[in-house]
Amino acid sequence: MAMVDSGAPKGSFRLSMLLYDTRYRSYTIQIFVLILLMLGAAWLIDNTIRNLAALGKDFSFDFLWNVSGYDISQRPIEYDSTYTHGRAAIVGLLNTLILAVMACATATVIGVIAGVLRLSKNWIIGRLMTIYVETFRNVPVLIWIIVVSAIMSESMPPPSAFRGDDPASSMLLFDSVAVTNRGVYVPGPLFENGLGYFNILGLDVSLNLMAFLVVVGLSIWVNRLVLASATKIQNATGVRPKTWWKSLLILFVPAIALLTFLGFHLEYPELRGFNFTGGIQMRNSLLAMWLGLSIYTGAFVAEIVRSGILAISNGQSEAAFALGLQPGRTMRLVILPQALRVIVPPLISQYLNITKNTSLGLAVGYMDLRSTLGGITINQTGRELEGMMLLMLVYLVISLIISTVMNFYNNRVKLRER
Amino acid sequence: MKKSVFMGTLATAALVAGYASATTLEDVQARGSLNCGVSTGVNGFSAPDANGVWQGFDVAVCRAVAAAVLGDPMAVNFVPTTGQTRFTALASGEIDILARNTTWTLSRDVDLGFTFIGVNYYDGQGFMVDRALGVSSATELDGATVCIQTGTTTELNLADYFRINNMTYEPVPIETNAEAQQQYLAGACDVYTTDASGLAATRASFETPGDHVILPEIISKEPLGPLVRQGDDQWADIGRWTLNALIAAEELGVTSANLEQMAAGTSNPEINRLLGSEGSLGEMLGLDPQWAMHAIAAGGNYGEIFAATIGEATPIGLARGLNAQWTQGGLLYTPPFR
Amino acid sequence: MSDTHAHTVRFVRETMLPPQDPPSSQIGMVRWGRENLFDGPLNIILTVISLLVVLFLIMEMGPWFANSIWNANSLTECRQILDGASGACWGVIKDRWPQLMFGFYPPELYWRPVTALVLLFVAISPVLFPSVPKKVLYFTMVYPFLGVWLLWGGTIWGPVSVALGFVLGYVLVRATSQLSTLLSAAIVVILPILYWLFLAGPLVDALSAIAPLESQSVPSREFGGFLVSLVIGVSGIALSLPIGILLALGRQSNMPLIKYVSVIFIEFIRGVPLITLLFTASLLLNYFLPPGTNFDLILRVIIMVTLFASAYMAEVIRGGLAALPRGQYEAADALGLDYWKAQRLIIMPQALKISIPSIVSTFIGLFKDTTLVVFIGILDPIGLANATRASSDWQGIYWELFIFIGAVFFIFCFSMSRYSMSLERRLKTDHR
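Residue numbers (this note's numbering), protein chains in the order written: chain A, 1 to 418; chain B, 1 to 338; chain C, 1 to 432.
Treat the hints with care, as some may be off.
Claimed, not checked - Here are the simulated DSSO-like pairs of lysine-lysine, each with C-alpha atoms no more than 30 Å apart in a straight line: (1) C:K259 <-> C:K353; (2) B:K221 <-> A:K57; (3) C:K94 <-> A:K356.
Claimed, not checked - Coverage of chain C stretches by chain B, computed from C-beta distances (three or more under 8 Å per stretch; other residues unrestricted): (4) 183-190; (5) 377-390; (6) 395-403.
Rather than coming from a laboratory, the hints here were simulated on the basis of the structure. Positions of the beta carbon are idealized from the N, C-alpha and C atoms, including for glycine.
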């Protein structure tokens with residue numbers, strides 16, 4: 001009370017300042033919002049608990065350790081119907097990741113080619129690419145996936161066409177690749193004296209693959225050292241020593257030596273019984289999802305690439321020519337770095353879309369995370385709340401990883417304006 | 001921006017209508033229509049025709065229940081459900097009864113909290129293969145590619161069968177019957193497996209049905225029946241006895257043709273009790289005395305429904321088999337109406 | 001002089017030569033072909049390959065399209081007419097046309113969704129075309145209520161009483177303009193909500209008792225086909241716009257709590273596939289609501305789709321806000337406008353205008369994504385295609401249905417994207 005003093009209201013605090021004074025108002029608003037949020041959350045949780053009680057269910061993730069009882073066709077890791085639901089979910093997750101990585105790679109390739117060709121002077125090519133981009137962008141991806149799957153199952157020969165003395169179809173590339181309507185079979189690597197597997201967190205990691213990757217990685221590293229020393233000599237003397245044979249030696253000899261040591265040979269697919277066996281099988285469902293997603297997303301990537309190239313003004317290449325740069329170097333040092341700054345952020349958000357669209361796998365029977373954990377498992381156990389939460393969490397983590405990478409890249413290439 | 005009103009209208013309307021009252025029967029009567037979950041389309045069991053009217057064997061069960069409860073077989077809202085959404089739709093009260101060829105299993109009955117009100121079709125899982133493959137028994141299917149419908153007990157049975165017989169297979173999981181059929185016909189799988197009734201229905205629609213054989217092995221028991229939520233015994237009883245009434249009507253010779261005449265009273269007291277001219281069975285269920293008569297009038301007795309939707313005269317062409325009356329060597333055996 | 005000249009020079013042309021035609025290789029088709037098709041070896045190869053591709057496609061699909069059959073009531077009939085030849089059987093589209101368009105909507109009421117669609121175009125015309133008189137905007141405000149009433153039917157007092165809540169809100173805005181912004185905002189938000197919760201229901205009953213203005217009510221489970229795609233898509237976008245604006249502003253707020261709540265919401269929704277949200281709508285939403293509450297699946301889907309779209313909308317609008325020059329914010333501050341006034345009068349009109357093309361493409365994306373509802377058993381076009389293929393008449397039909405559905409989606413989306421491109425061009429010139 002003693003503080004009230006008409007001359008200087010500073011320092012005194014009245015309740016109405018919570019509403020009128022900009023210094024305190026934001027706290028009022030935030031506390032109000034916080035209370036609302038907490039009330040809302042409490043309401044939702046209370047409802048959920050009461051609903052679960054009414055249905056006689058509990059909230060637990062124990063079902064992940066129960067026997068799943070169903071089979072999965074594409075198994076990157078060992079799995080059969082006697083394994084647990086949790087293991088099935090991991091198989092699904094791996095399938096999702098495999099598909100996402102494959103589709104991202106091909107969508108980029110298709111998109112870059114289509115984007116560049118759409119700018120081509122060739123009238124037919126330009127029109128064809130426009131038709132491609134517009135048709136694929138404007139029709140739902142689900143329809144494309146279904147259509148691609150139908151085209152493959154309808155137009156490729158069934159394995160039975162390969163049978164008999166005078167088969168209707170034959171294998172390609174010296175009997176090493178079989179294209180059937182159940183998938184494409186290619187030769188797979190086999191190791192006669194392999195190193196076996198190393199079990200980590202329930203996943204079997206192939207030691208052969210690890211050894212191979214380590215050797216290749218080391219070779220690349222050594223090669224870079226060689227190149228760097230060559231550059232050093234060039235800087236000092238002006239003459240660049242010939243390095244290509246050293247690079248060749250360093251890159252290939254250790255890898256080939258390792259493969260020979262491990263007894264590497266190819267296993268060819270062979271028609272046995274109902275199906276081809278041996279080699280690596282790319283199932284129809286994987287191919288349909290892969291092609292469907294990459295052609296669809298490729299159309300978007302094409303537009304991104306086109307606008308990226310168009311965004312670089314002619315002056316940039318003219319300036320580069322004026323400096324005496326050759327066309328190749330102009331592209332590499334001037335145009336691409338600038339175009340990439342425009343292209344990469346939307347490109348990565350397309351990668352994000354591909355990852356999320358892999359969840360349409362069930363439409364063609366691809367057993368991704370959504371079909372295993374979010375499909376059959378939920379269905380057989382009736383644990384939709386837990387299953388869906390887990391499913392969303394996994395997708396969220398994948399998306400967050402991708403966007404973190406994107407933000408990291410964005411910050412690195414951001415135009416520093418002063 | 002003002003469009004958020006749209007939400008308001010709907011939300012208020014929905015919330016006002018949404019709070020369920022005590023029993024399902026009261027709900028249905030207050031609503032004036034029955035919400036019945038069916039599949040999104042299985043030939044002969046439930047599929048909308050060109051006029052958007054749902055037809056089929058499962059649909060007929062819904063219509064009979066609606067007729068018994070409300071007196072009007074057309075007072076049914078059909079809610080299409082997928083293999084994945086069906087149980088939630090029932091558990092959440094979105095539908096009152098689920099008639100979607102669902103197999104009666106212990107875990108569904110006990111763990112998922114439902115009550116099966118009977119069996120309207122005794123089925124079993126079978127295999128269909130192309131005749132050209134020359135396969136005559138399911139035990140020759142080692143290494144085959146098998147098309148299965150997901151979200152069913154089918155995939156579990158299949159896994160068990162192949163494991164027991166020490167065979168390998170390549171599963172191709174598929175969501176809808178239509179899709180599975182297309183894959184099978186294109187040769188993308190060697191074998192199509194689902195309930196034998198579904199196989200017959202599917203084969204019937206092929207251009208050349210004779211090129212495909214259904215293998216003799218039936219690898220599972222699939223008692224398909226309608227189900228309701230656990231905990232509302234009155235509603236379960238209504239469903240159960242409506243189904244029983246259809247079966248009993250066939251056994252007792254009550255058909256849609258002679259229904260009127262028999263309802264007036266017959267010398268057989270059981271028929272009289274069933275059709276409400278004697279006793280008070282309807283009252284015990286909390287229904288009209290003529291409940292069973294309405295139910296039978298909706299589509300005829302069990303035999304007539306069977307013949308009209310999936311029987312030998314239809315394109316599906318299923319024989320009665322296990323689904324004949326017990327007097328004919330089948331499994332249909334209803335408890336007495338007294 | 002002229003004589004001398006005539007003697008020293010042997011020949012002088014005194015008339016102009018008529019211009020010669022350019023060489024044949026430099027005119028017409030030939031030149032065009034040389035420049036555009038056969039310009040260098042790479043281009044020749046590309047041209048030949050493309051021609052082969054086009055030829056192959058025509059050879060493969062031509063006969064199938066050429067043998068199209070329109071008048072058939074079942075696939076068997078089609079096969080009989082075709083007699084072994086390959087050909088499209090469009091009879092299925094003819095047979096199931098109303099179903100693919102409207103689902104199970106009562107046939108005698110088809111005029112209602114059609115009118116609603118036509119009126120939708122009228123309602124959004126002032127936004128789309130600058131030449132339309134601004135007075136149409138009043139109709140735009142009425143349209144949501146009218147549209148809902150046309151589609152779902154029932155008593156007209158329902159939408160009217162809900163609309164009254166907004167009128168109430170507007171009156172309150174005017175009445176409380178003297179009070180503190182915060183207080184007035186609280187009143188403007190809370191009173192209409194109380195009205196909707198407690199007064200609107202009885203009001204509807206009372207009004208319908210006095211003047212029963214009713215049209216036949218159509219429950220949303222009878223919606224299907226493209227009608228359901230459009231209803232979900234349009235209401236999703238329309239409802240997500242206000243939420244998206246709030247989220248975008250929230251994300252830029254300097255109040256940490258509001259900022260982080262907005263960021264978490266946006267990133268969560270953008271990080272999960274739409275299909276998981278749809279499954280939430282169909283499997284989980286009932287868990288989160290009070291026991292016994294149960295409302296219709298399409299409404300639940302609209303709610304989830306709205307949440308989904310509003311996260312994307314927030315990012316679109318954030319882009320629009322970021323594109324505004326800083327000067328606009330500073331000018332608003334300099335005029336002494338408070339936050340909401342600055343947003344309403346200066347920032348939002350410009351930011352929204354810049355964002356329209358992106359909003360249209362968000363809509364295209366959402367409209368295409370409505371096909372995913374087939375996974376939760378809603379009979380959208382793909383769902384109805386599956387149901388059609390399950391009927392005895394059309395079992396085994398495939399391409400015709402999907403080509404038709406794809407073509408309809410293409411027409412919708414392509415025209416929208418073309419419109420958005422022209423709009424972009426128009427907006428660009430405005431800024432120069």
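Structure-based check of all given hints:
1. The hinted pair formed by K259 of chain C and K353 of chain C meets the criterion: a straight-line CA distance of about 24 Å does not exceed 30 Å.
2. For a cut-off of 30 Å, the pair hint linking K221 of chain B to K57 of chain A stands: about 28 Å separates their Cα positions.
3. The straight-line distance between the Cα atoms of K94 of chain C and K356 of chain A is roughly 36 Å, outside the 30 Å bound, and the hint therefore fails.
4. For the segment 183-190 of chain C, the stated coverage by chain B is violated: 0 residues have a C-beta nearer than 8 Å to a C-beta of that chain, whereas at least 3 were required.
5. Chain B is given as covering the segment 377-390 of chain C, and this holds because 9 residues of the stretch bring a CB closer than 8 Å to a CB of that chain, at least three being needed.
6. For the segment 395-403 of chain C, the stated coverage by chain B holds: 3 residues have a C-beta nearer than 8 Å to a C-beta of that chain, and at least 3 were required.
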